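K.L.:
The chain contents come next:
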Amino acid sequence: MEAVKPDRGLGKEEKMTEVKDEILYQPILKTSRGFYIVFALLLFVVLFAAYAYFIQIRDGLGVSGLNSPIFWGVYITNFVFFIGVSHAGTLISAILRISKAEWRRSITRSAEVITVLVLFFGLGNILIDLGRIDRMMMVIRHGRFQSPLLWDVVSITTYLTASAIYLYLPLIPDIALLRDRIKGGFRGRLYQVLALGWAGTERQIHYLEKGIAIMAVTVLPIAVSVHTVVSYVFSMTIQPMWHSAIFGPYFVAGAIFSGIAAIIVAMAVLRRVYHLEGYFREVHFNNLGILLLVMTCLWLYFTFSEYLTVFYGAEPDEIKVFMEKFTGKYAPHFWFMVMTCFIIPFTILANSKTRTIKGTVIASISVNIGMWLERYTIVVPTLMHPRLPYETGMYSPTWVEWSILAGCFALFAMIYMVFTKLFPIVSIWEVQEGREKAHDEVAERLRTYLPL
Amino acid sequence: MSRWGMVIDLDKCTACQACVIACRIENNIPPPNPEEAALSRSIGWIRMVERVEGEYPHIKSNIMPVPCMQCEHPPCVKVCPVGATNETKEGIVDQIYARCIGCRYCCNACPYTVKFMNWYKPAWPKEMMNSLNPDVTVRPKGVVEKCVFCAHRIQRAKDRAKAEKREMTPDDYMPACAETCPSKAIYFGDLNDKDSIVSKLARSPRAFRLLEELGTEPKVYYLREGA
Chain A
1 MEAVKPDRGL
11 GKEEKMTEVK
21 DEILYQPILK
31 TSRGFYIVFA
41 LLLFVVLFAA
51 YAYFIQIRDG
61 LGVSGLNSPI
71 FWGVYITNFV
81 FFIGVSHAGT
91 LISAILRISK
101 AEWRRSITRS
111 AEVITVLVLF
121 FGLGNILIDL
131 GRIDRMMMVI
141 RHGRFQSPLL
151 WDVVSITTYL
161 TASAIYLYLP
171 LIPDIALLRD
181 RIKGGFRGRL
191 YQVLALGWAG
201 TERQIHYLEK
211 GIAIMAVTVL
221 PIAVSVHTVV
231 SYVFSMTIQP
241 MWHSAIFGPY
251 FVAGAIFSGI
261 AAIIVAMAVL
271 RRVYHLEGYF
281 REVHFNNLGI
291 LLLVMTCLWL
301 YFTFSEYLTV
311 FYGAEPDEIK
321 VFMEKFTGKY
331 APHFWFMVMT
341 CFIIPFTILA
351 NSKTRTIKGT
361 VIASISVNIG
371 MWLERYTIVV
381 PTLMHPRLPY
391 ETGMYSPTWV
401 EWSILAGCFA
411 LFAMIYMVFT
421 KLFPIVSIWE
431 VQEGREKAHD
441 EVAERLRTYL
451 PL
Chain B
1001 MSRWGMVIDL
1011 DKCTACQACV
1021 IACRIENNIP
1031 PPNPEEAALS
1041 RSIGWIRMVE
1051 RVEGEYPHIK
1061 SNIMPVPCMQ
1071 CEHPPCVKVC
1081 PVGATNETKE
1091 GIVDQIYARC
1101 IGCRYCCNAC
1111 PYTVKFMNWY
1121 KPAWPKEMMN
1131 SLNPDVTVRP
1141 KGVVEKCVFC
1151 AHRIQRAKDR
1161 AKAEKREMTP
1171 DDYMPACAET
1181 CPSKAIYFGD
1191 LNDKDSIVSK
1201 LARSPRAFRL
1211 LEELGTEPKV
1221 YYLREGA
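Line order of the protein sequences matches chains A and B. Under our numbering, the residue at position 292 of the first sequence is numbered 292, and the numbers go up by one with no gaps. Going from the second sequence to our numbering is simple: count from 1 and add 1000.
Chain A extracted, bound-state conformation (with noise of 0.2 Å):
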């Protein structure tokens, strides 16, 4: 018998793996040149769209391409995109975890901070897409339930607050660990302050594991109301090919969807810039990629089943919307859709040969081209098409929308920077723990599952 050992993980044994686990601590302590051009290229992006939104808070919205009847667009399409990528990080980490998946350890951490971020950028473009910014708190103030927005500010927030607790608390173990390395300094005191006092302690360590355990359960149901709500928005009124019962579903498959392939985008970018070739391995690219296929092929079914069910009933109104899509003005946008939604990334991603770091790479940049034109279409041709016989305009987004559009992005680019240069982009703890008991727990494990 083996004698038990008194301290788990992170103790005197974390010295050695220390420098193993070094170029992790890299990006923190050293900041390359490049670092500096990039995020000055994104700052200039950045402040043009500051610029344009100022032209628009300064004149009013009418400096976007919106009218009557066609009052939603660029900015609605931009939240839902970005709640939908927001799926990624929170949904997938915890998904994960619970089924102790281990090749989740090196990932984790790049695709929770995605959700945290995106989110603000979700929540940002409602904002922007307000007549009356100045009146955002009436929404807290008189505030009523049975609107659906409301239903989306009360799922946002604690979506947002839910998954920032979920990032933070497996943060810990590793600010501790830059606390010891770094004294002094702003980022002395603030990772002092956020390592909570943090030794390692078997104790603390149960705490720790209890919390993210009790999270990961909680954000899964939080995470699937977000994009239920945010379809509902669209599926409560009566509008053609808005009023569908299955938006709700469709919706959330889209959000995890387009969430996967934005973590996959992430992770080839932090691989290249940092190093982390042995950390995003092939294998990572490789079982996301496959739940891409699997997402790509519930898209379609989705997709589908939605159509055929507008196209087989016919209703007037209804195919009016649908043949706008199918053959009218927005028959680009829409067989774009198609191609990006799920040619594309179903050719790359179903063949092994091709589902390679580079292949899911470009599959997963389709796949995000392709649902922000999803939401697109979703939006813009029931607007276009009233059920009376209005006199309707093409709605042709500005170079306002355009700009605040590349500003989110450029915005979203620029923290997910800084946060690489005060966080390990990688959870170090993590990884250290799966190198030294992995192996086991997951022998024992397997004894469980087969037959003695």
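Mixed in with the good hints, there may be bad ones.
[Claimed, not checked] Derived pair list, reagent style BS3-like, types lysine-lysine, alpha-carbon separation capped at 30 Å:
no., chain 1, residue 1, chain 2, residue 2
1, B, Lys1089, B, Lys1184
2, A, Lys320, B, Lys1060
3, A, Lys358, A, Lys30
4, A, Lys20, A, Lys437
5, B, Lys1060, B, Lys1012
6, B, Lys1078, A, Lys320
7, B, Lys1121, B, Lys1078
8, B, Lys1060, A, Lys329
9, A, Lys421, A, Lys100
[Unchecked claim] So these bits of chain A aren't anywhere near chain B, every CB distance computed over 10 Å:
no., residue
10, Ala213
11, Ile246
12, His284
13, Tyr301
14, Pro332
15, Val361
For the record, the hints were derived by calculation from the structure and aren't laboratory data. All values derive from a computational prediction rather than experimental measurement. Heads up, the beta-carbon is just placed ideally off N, CA and C, and yes, glycines get one too.
Guided by the hints, dock chain B onto chain A, whose structure is given.
P.N.:
The following block gives chain B in isolation, referenced to the frame of chain A:
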């Protein structure tokens, strides 16, 4: 309590659009500027909607004035997150301009597309500035506005009745469009009073309401053409 309703006789309507102009003047709606109108952004609380059915030579077209339907179950009120759009006790679907956050959810939820957004700050030619109606709020930029059956006229009618030391009668109150109509195609009155002209006409076999199948129960009725 009255329940205000409107009946528009399409046989009498000549599509002269006097109601459209009267509404603009009464409710301080700025004249549309050509560029904005080209983007289909002009505001008109009552509008002429042209419907063309069929193909040549079996073509049929009609024109009807469409104000806010003042639904009994308004889809716009349901979705407003702040209660800026709401139904008054007398059944008028009202808009509180000082509370509206400009999210335009109500515009999208309305199946009749009769809610309008102030994309810019409203502007009038200098000559018109002195003739704005002091009874009607000028809307700021970024809020949604709509036909409210000239609800400010109810207050005026009540004040007048009070000054004359009598109860207000339904005849004291009439929206600008109904008052102006040269061919008297627009009737207005209390739907709760079974003997009122609107009640009687609403029960006529010619009466119909727009998109009745949606269950919104409009309080604006139409009398079918050529029946």
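K.L.:
Evaluate each hint against the coordinates.
P.N.:
Consistency of the hints with the structure:
Distance check on the hinted pair: B:Lys1089 and B:Lys1184 sit about 28 Å apart at the alpha-carbon level, within 30 Å; holds. Between A:Lys320 and B:Lys1060, the direct Cα distance comes to roughly 20 Å. Compliance with the 30 Å bound is thereby established for this hinted pair. Between the alpha carbons of A:Lys358 and A:Lys30 the distance comes to roughly 27 Å, so the proposed pair stays at or under 30 Å and holds. A threshold of 30 Å between alpha carbons decides the hint, and for A:Lys20 with A:Lys437 the separation of about 16 Å falls inside it, so the pair holds.
Taking the CA atoms of B:Lys1060 and B:Lys1012, the gap is near 18 Å; set against the 30 Å cutoff, the hint holds. Between the alpha carbons of B:Lys1078 and A:Lys320 the distance comes to roughly 26 Å, so the proposed pair stays at or under 30 Å and holds. Restraint check for B:Lys1121 and B:Lys1078: satisfied, since their Cα atoms lie roughly 27 Å apart, inside the 30 Å limit. For the suggested pair B:Lys1060 and A:Lys329, the alpha carbons sit about 26 Å apart, so the restraint of at most 30 Å is met.
Among the hinted pairs, A:Lys421 with A:Lys100 is consistent with the structure: their alpha-carbon atoms are about 29 Å apart, no more than 30 Å. Taking the minimum C-beta to C-beta distance to chain B, about 36 Å, the non-interface status of A:Ala213 holds against the 10 Å cut. For A:Ile246, the shortest C-beta to C-beta distance to chain B comes to about 19 Å, beyond the 10 Å cut-off, and the non-interface label holds. Non-interface status of A:His284 relative to chain B is upheld: no Cβ of that chain comes within 10 Å, the nearest being about 41 Å off.
Interface exclusion of A:Tyr301 from chain B stands, the closest Cβ pair being 28 Å apart, more than 10 Å. For A:Pro332, the shortest C-beta to C-beta distance to chain B comes to about 22 Å, beyond the 10 Å cut-off, and the non-interface label holds. Every CB of chain B lies more than 10 Å from the CB of A:Val361, the least distance being 37 Å, so the non-interface label holds.
Of the numbered hints listed earlier, not one is contradicted by the structure.
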